[in-house]
Every structure is written in structure tokens, then in C-alpha cells.
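S.K.: Chains X and A are the protein sequences, given in the same order.
Using the working numbering, the letters of the first sequence map in sequence onto residues 1 to 350.
Using the working numbering, the letters of the second sequence map in sequence onto residues 1 to 496.
Derived from the structure by calculation, the hints contain no laboratory data.
Among these hints, one or two may not hold up.
Listed below are several chain A residues computed to face chain X (Cβ distance under 8 Å; list not exhaustive) [said to hold, decoys possible]:
no.	residue
1	Leu109
2	Gln164
3	Phe200
4	Leu203
Don't be surprised by glycine CBs; every beta carbon is placed ideally from N, CA and C.
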Amino acid sequence: MIFKNNTKRRKYNRSSTLMKLSTVAVCCMVLTTIVSFIMLTGRMSEVKKLTAPENYDTYDKYVCMITSDDEGQFWQEVYQVAKDAGKEMGICVDMLSDTINIQQNPAQLLNIAIASHPDGIILEANSSDEMTIMLEKANEADIPIVTVLSDGMASDRISYISVNNYTLGQIYGSQVIGVAEKNANVLILTRSDTNAIGENLIITGIQDTIMDSEEYRNINITSNTIIDDDAFAIEESVRNIFMHSRTLPDVIICLDEQITTCVYQAMIDYNKVGQVQLLGYYDSDTILEGVRQGVIHSTIAVDTAAMGQDCVDAFAEYWESGYVSEYYDVDAKLITIENINSVVKEGNNE
Amino acid sequence: MNKRPLSNLTVRNKMLLAFFLPTALLIIINLFLYANTNRMMKSLDTVFKSNTTLNEMSQALGLVQASMTDYLNTRTSDSMEDYYRYEEDYEDMIELLNDEIIDSDNYLLERNIRKVSEEYLRLTTEIIEAKRGGNVEKYRGLYDEAKNLYVSINNMIYSLNNEQFKKNTVSYKALTDTMGSLEGINLMTLIIIGLANMSFIILIAATITNPLSKLSEAANKVAVGDFEVEPVPVVNNDEIGVVSKAFNSMVASIDDYIKTIKINMETERLMKEKELLMETHLKDARLKYLQAQINPHFLFNTLNAGAQMAMMEGADRTNEYIQKVADFFRYNIKKDHDIVTIEEELELVETYIYIINVRFAGDIHFDMEITDENLLKYYMPSMILQPIVENSINYGVRNIDWEAHIKLKVYRMEETICISIEDNGVGMSEELINRILTKDYVASEDKVDSNGVGLNNVINRLELYFKEEDIMSIESEGEGKGTKTVFYLPMKEKNV
Numbered sequence: 001m002i003f004k005n006n007t008k009r010r011k012y013n014r015s016s017t018l019m020k021l022s023t024v025a026v027c028c029m030v031l032t033t034i035v036s037f038i039m040l041t042g043r044m045s046e047v048k049k050l051t052a053p054e055n056y057d058t059y060d061k062y063v064c065m066i067t068s069d070d071e072g073q074f075w076q077e078v079y080q081v082a083k084d085a086g087k088e089m090g091i092c093v094d095m096l097s098d099t100i101n102i103q104q105n106p107a108q109l110l111n112i113a114i115a116s117h118p119d120g121i122i123l124e125a126n127s128s129d130e131m132t133i134m135l136e137k138a139n140e141a142d143i144p145i146v147t148v149l150s151d152g153m154a155s156d157r158i159s160y161i162s163v164n165n166y167t168l169g170q171i172y173g174s175q176v177i178g179v180a181e182k183n184a185n186v187l188i189l190t191r192s193d194t195n196a197i198g199e200n201l202i203i204t205g206i207q208d209t210i211m212d213s214e215e216y217r218n219i220n221i222t223s224n225t226i227i228d229d230d231a232f233a234i235e236e237s238v239r240n241i242f243m244h245s246r247t248l249p250d251v252i253i254c255l256d257e258q259i260t261t262c263v264y265q266a267m268i269d270y271n272k273v274g275q276v277q278l279l280g281y282y283d284s285d286t287i288l289e290g291v292r293q294g295v296i297h298s299t300i301a302v303d304t305a306a307m308g309q310d311c312v313d314a315f316a317e318y319w320e321s322g323y324v325s326e327y328y329d330v331d332a333k334l335i336t337i338e339n340i341n342s343v344v345k346e347g348n349n350e
Numbered sequence: 001m002n003k004r005p006l007s008n009l010t011v012r013n014k015m016l017l018a019f020f021l022p023t024a025l026l027i028i029i030n031l032f033l034y035a036n037t038n039r040m041m042k043s044l045d046t047v048f049k050s051n052t053t054l055n056e057m058s059q060a061l062g063l064v065q066a067s068m069t070d071y072l073n074t075r076t077s078d079s080m081e082d083y084y085r086y087e088e089d090y091e092d093m094i095e096l097l098n099d100e101i102i103d104s105d106n107y108l109l110e111r112n113i114r115k116v117s118e119e120y121l122r123l124t125t126e127i128i129e130a131k132r133g134g135n136v137e138k139y140r141g142l143y144d145e146a147k148n149l150y151v152s153i154n155n156m157i158y159s160l161n162n163e164q165f166k167k168n169t170v171s172y173k174a175l176t177d178t179m180g181s182l183e184g185i186n187l188m189t190l191i192i193i194g195l196a197n198m199s200f201i202i203l204i205a206a207t208i209t210n211p212l213s214k215l216s217e218a219a220n221k222v223a224v225g226d227f228e229v230e231p232v233p234v235v236n237n238d239e240i241g242v243v244s245k246a247f248n249s250m251v252a253s254i255d256d257y258i259k260t261i262k263i264n265m266e267t268e269r270l271m272k273e274k275e276l277l278m279e280t281h282l283k284d285a286r287l288k289y290l291q292a293q294i295n296p297h298f299l300f301n302t303l304n305a306g307a308q309m310a311m312m313e314g315a316d317r318t319n320e321y322i323q324k325v326a327d328f329f330r331y332n333i334k335k336d337h338d339i340v341t342i343e344e345e346l347e348l349v350e351t352y353i354y355i356i357n358v359r360f361a362g363d364i365h366f367d368m369e370i371t372d373e374n375l376l377k378y379y380m381p382s383m384i385l386q387p388i389v390e391n392s393i394n395y396g397v398r399n400i401d402w403e404a405h406i407k408l409k410v411y412r413m414e415e416t417i418c419i420s421i422e423d424n425g426v427g428m429s430e431e432l433i434n435r436i437l438t439k440d441y442v443a444s445e446d447k448v449d450s451n452g453v454g455l456n457n458v459i460n461r462l463e464l465y466f467k468e469e470d471i472m473s474i475e476s477e478g479e480g481k482g483t484k485t486v487f488y489l490p491m492k493e494k495n496v
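Extracted from the complex, chain X is given alone in its bound form (with noise of 0.2 Å):
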């Protein structure tokens, strides 16, 4: 009796077992079907996002920014500066350079700026024909200019936000003087596309500085401005410089950030370090680099976040009032081997 018991319920118990697998064969079903709904919901919810138009602030002004180097981290900075400022303030600053894939110089971008009708342009000025017949253009369909780092000869500008080219000529001057020999060759390197005249008084910084040392009034300044009409000029430039070694000044002096750092890597590759001192301009990463490791003597760094913040408060007191003021001063720091970490670190706090 006890084996028929056992034999029924395995029989009752393998029926049984039958059954519940028949439900969970259902059950998967059921789940995959369920599953298969999520994961085909969740994948055209993301479509969905994908394709869905984006959503984005509007603003009540529309600033144009025009460089000469709109690729380079300095104007980067200035600009990204600029543009969150303006957001707080419903003006939309744009670098037109950014949004159009073909190289065109700053007089051809001011061109299509004041086609474009903004209701104002920051500009780095200079003082080419060319972009003096468009900044008249511009005067002639009203629209406020505030130029910055450098000016224009004919502009009728609103305002000008630069450091003080004289008092960076001094400084220039006075670090010429800490590295220099007597009668060392010092060679000053600038860009044909910047201001003339920021730069010239630049010089005459330097020029007076060295001249009010009786010592060093032996020192032979030269300058060469490096002409940036075709691509890649400034780096065969520098290079040119240097692979005529007699002429090799013991002193260079770059006013700008793109030279700095051709001359500074020109300095490696031919093994000048020690032999020519460089004087820098701007505190980019690889600039900054170059102080640590002694190759660059010292740079000059403009307040690029003073410098964004200027372009559009001077504008918007000029739309509020009507007027604004016409120079902004920005600062420089000097940077050395013996400041850079304290300096850096200010950055980043900042």
C-alpha cells in the first residue's frame, strides 16, 4: 500500500510538475513581451529626444567678437568670459569665426558682421586699410564698436579695453635688463595684423626703460613684425630666425601668444635654451610649461576674465545711458620661475 501511496503522488507530483512548468512557459512569455515593451519604449524614448527640436534661450542683443587669433586660448578665454556674462545680461555674444568653417581675415568677418546687423562688435582692431574702410562702414550704419587689446586708426569707437602698452613695454624693458648683457641684441617680434600702435608704445616702453639704465644703453633693440598673410607664416618665420644662428639675438621679446610659443619650441628643437632668453606673452598651458622648465624667462599675462567682463559692461552702459567710458585698463602680471605656482594657483582660485 505504502508503494501505490508513493507511486501516485510521484505520478500526482510529475502532473503537477508539468503544470507549473506550463505556467512559467506562459509567465515567460508574458515577461518577454512585457521586457521586449520597456526595452522598445525606452529606445524610442531616446529617439524621441534625439529628434526632438532643442531648446534654447533667446536674447535681446546680439554682439558680434572679431580677433585676430579667435583660435587662440587667449581670445578663447576673453570670449568664453564675454559670452557668460552677456547670458546674465540677455546679450548674446558671438565669435563669427566659430560658426564659419572657411578662413576669412577679421576685415572680411567685420564685413559679414555688419551685414548682419548686430547691435554691437568687439573687435580687435588694427590698423590695415582694409579694416579701416570697414569700420567706417560700420560707423556709417551705426553700430557701436568696443575695441580691445588694440585699436583702430579711424575708429569711432565706443570704447577701448586694453592693458597700458606702455607700462608692458616697462615691464618688458626692466626684464631685459635682469637677463640681458650690456651690449646684448634684443629682437622684438610682433604680428602684422595687431595694433601698430599699442605696439609701438610697447617699444617705446622698452626703449625708455633700457635707456634710463646709463648700463644697458648699448643694447640693440631691433623689432620684426612677422606678416600673417598666408597659413602657417608665423611658425616658418620663427624658424627662419633661428636657422641663421648669427644673427641670433641673446634677448627675444614676443608680443604675442601664437609667437611665444613657436619661438619657445624653435628654442628646443635647436637647442637655444640658455643661449637666447625669451620674454613671453600670455599664460597658456604650454607657455606656462615653458616657465617651469626655464626655457621662457618670463611672460606677460592680461587679465583675459577682466578683460571678457569689460567688453560687455561697456556695452551695456552704453545701451542703459548712452554713454561709456572710452578706455577700460586691464592688468598684466609678470610671470617667472619664481611666482608661477603662487600665480597659477590664483588662477584656479579665481
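Following the hints, put chain A in place on chain X, whose structure we already have.
M.R.: Chain A only, in chain X's frame:
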């Protein structure tokens, strides 16, 4: 609440579930997939629409510039008409571009294209007017300006086209990736549901066929007569479960029925056996009687004729004697005379004693004592008492020197009717009594004056009729002390 809902499904519903559930699920998934794929195909169609629009815009701009230049070169009305047509087309196109200041590079570029294009169209219109007015200096100066803007607009459209293309390519890739994912999910779903469905069908089929196999196995056993089969297990409440339950009940009923039939048959067989035995004994008694009496009918008729003759001659005693002899034989040849009342049996004994006394000149003194007349109405087999009385005469009192007495007594002892036949003859030895009672004694067949019914026959018929043993006792105190035969008969109505 039912814990096993599938167990309660009928076979029809199980099959419907097996077919419709996966089909319904697959239809739902595929409909959903179809709707989404359709939507995505539409999205894919529109992904590069912005690029197409920009290309058309660039072409339209080229046509404006070309038609203007053509007019400046040729001053034909056709070229002027072309210019105005293309200018209008282009104007319609740029009106679709964004006009607001929005924090997006592409939207800002769109705005700039629109504004610069408006400026360009203003210039070209001015150029056409100057040309028509013959103001050569003006249109030449403006032409250069317009050409510069034309180049700039083209550059801007090219740039925007590039950016849109990059963005659209990302969207396109995402859409095609999603299409791939949808395909993958669908395939995976199809495979899983397919496998689950196959398993489900196999399992459901097993739940249908397994009980059927067991049922058929059990039915085959029953078919060969094995009703001791285990009940078929009933797990599901479907049609097969119902049939299995019915089968189990049927097998149980058949088994019970067969057992009852067997018992009845056995009882019937035993009864028939008894009946046949009774009949055999009776027939045996009659046969022996008939063999002894030659032809009772002939004898009976003859005796009747003798009686009539004695009566006519005035021989009354002879007449009475012949009448008694005739009665004696009549008793034996009566049909349906197997069972008689005690009274009839006693009458036969009296008749027999009368005949014997005539034969042996009244030597035998017969006494009959009945304590309760009611006892005479009860029934017993016929031809029982007469053979005993005959034995008492033949073996007990025939050859004795003293006066022969035979005493028959009917009395009641509780629920038993006692009939005792006592003689004062030669008596019987204990050994002989035992042999008679154990049916070991066989009387000699050649007794001429016996009616042929032996003691064994008497005892057997009594036991068969009353279904009891020890129905008769024989007592004898020794040689010359007589014999007493007592019947202990249960009170029995006829046919009960």
C-alpha cells in the same frame, strides 16, 4: 482563489491558449514595432531635409548672382526677368530662416545668413536699378561689395550645411542604431516567445496525452479482466479529468458488481447443488421403492379391485386391510409429495403398522403419544418415520420371544419438535449405532419386505432439508434392551 489556474482549463481552452496567446503577443509586439519603425522611417526621411534646403538655397543664391551678372553684362530683359524671379525665390527661402537671437551657433548662423542675404538682395536690387539708370560708377562699386557678400553668404551656407550635416549624421546614426536595436529586440522576442511557446505546447500536450495514456493503459488492463487496477490519477479538471473520474467510478462499480454476482452465483450454485442432492436422494428413494413395488399404479388398481370384491363379498376386515395397503402405496406415488406434515407422516406409520400387524397377526403393539396437536402441522420430508418403524420391526422386534412394543412419541422441546420411535427389540451395539450415524453402514439390498429406503437416505434428506446436522439420535442400552430413535426437527413451515 485557485493556485493552479491552468489545471482547471479544459482541453479546448488549453489548445486555444497555446495557439492564441503567442499569436496575440507577437501581433502586439509587431504592431508596436511597425508603428515605431514607421515613425522612424519618417524621421529618417526628414533627417537630411535641412541639408537639402540649404543646398537649394545655395543654388538659388548662385542663380541670383548669375542672373544679376548676366544682366550687368548683357542688359537683356530676359536676364532681368530671371533676376527678379530668382531674387523672389531666394527671398522666399531666406524668410524660412531663423530671425531671432538664440544661444545656438547654428541658429545664430541662420540668422546671420538671413540678415546678410537681405543686405545682399538690397544691394543687388540697387545694382540693377543703377544699371538701368546708367549709373556705371555706382553699380560697379556696389557690384564688388555684393560679390563679397555673395562669397560670404556662400561660405556661411556651406558652414551651416556642414554643421547641420554633422548634427544630422549623428541623428541618422542614432536612428539607424535604434532601427538595429528594434530589429534585435524583435528577433530576441520572437526567439524567446517561440521557444517558450514550443515548451508550452509540449508541456500542454503532455498534460493532455499523459492522462490519456494512463487511462488507455488502465482500460487495457480492465479489458483483460483485471479489475484490481489502480485508480487513474486525476490531476486536471479538464475533459480528460472528468473521463478519468468516470472511468475510475466505472471500474469500481464493475468490480463491486462482479463481486456481488460472484456471491450470488455461489449462493445459487450451492442452492442448486442442495436441490439436486435432495432430488437425487428422493429419486433414489422412489426408484428403489418402484423397483421394490414393481408397478405401484398397477398394484394400487389391483388392490382397489380386491377391496371392492371383499366389500361385495362382505369381508369387511379384508376390505379394510386392502384399503390400508392401497393407502400405503398411494402415499408413495403422490406427486409433489416431497415435503409433508408430521401428521401425514404419522398416518403412514399407522397404516404401515396396521399392514404389518395383519401380516404378523397383531403381534406388534404400537402406541402413539402426541403431547401437542399443533406440532402435527409442521412440515418434514416424507418417507422418514416409516423406514425407521420398518427397521424397528425388521431388526428389533421380529424375532423376539417377548411381546413386541413400538412406541412413537411426538413432543416439543423448546423450539424443536422431537419424534421418538422406541422398540423393545434386540437392541443395537454401540458400534452399529456409530456406523449408522456416521453413514458408514450400508443395509443389504436384498431385503424383500423393505420399501428400500435406507437410513443414510433418511439422514441425508433430513440434513439437507433442515440444513442442520445431528438431527437424529439412536440410543440402545444393550442387547435385548430395545432401541430408541429420536428426530430433533426444527419447527418449519412449508417452503420456508
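S.K.: Kindly indicate which numbered hints from before are broken by the structure, ordering the numbers from low to high.
M.R.: Going through the list in order, the structure violates hint 2 alone and respects the others.
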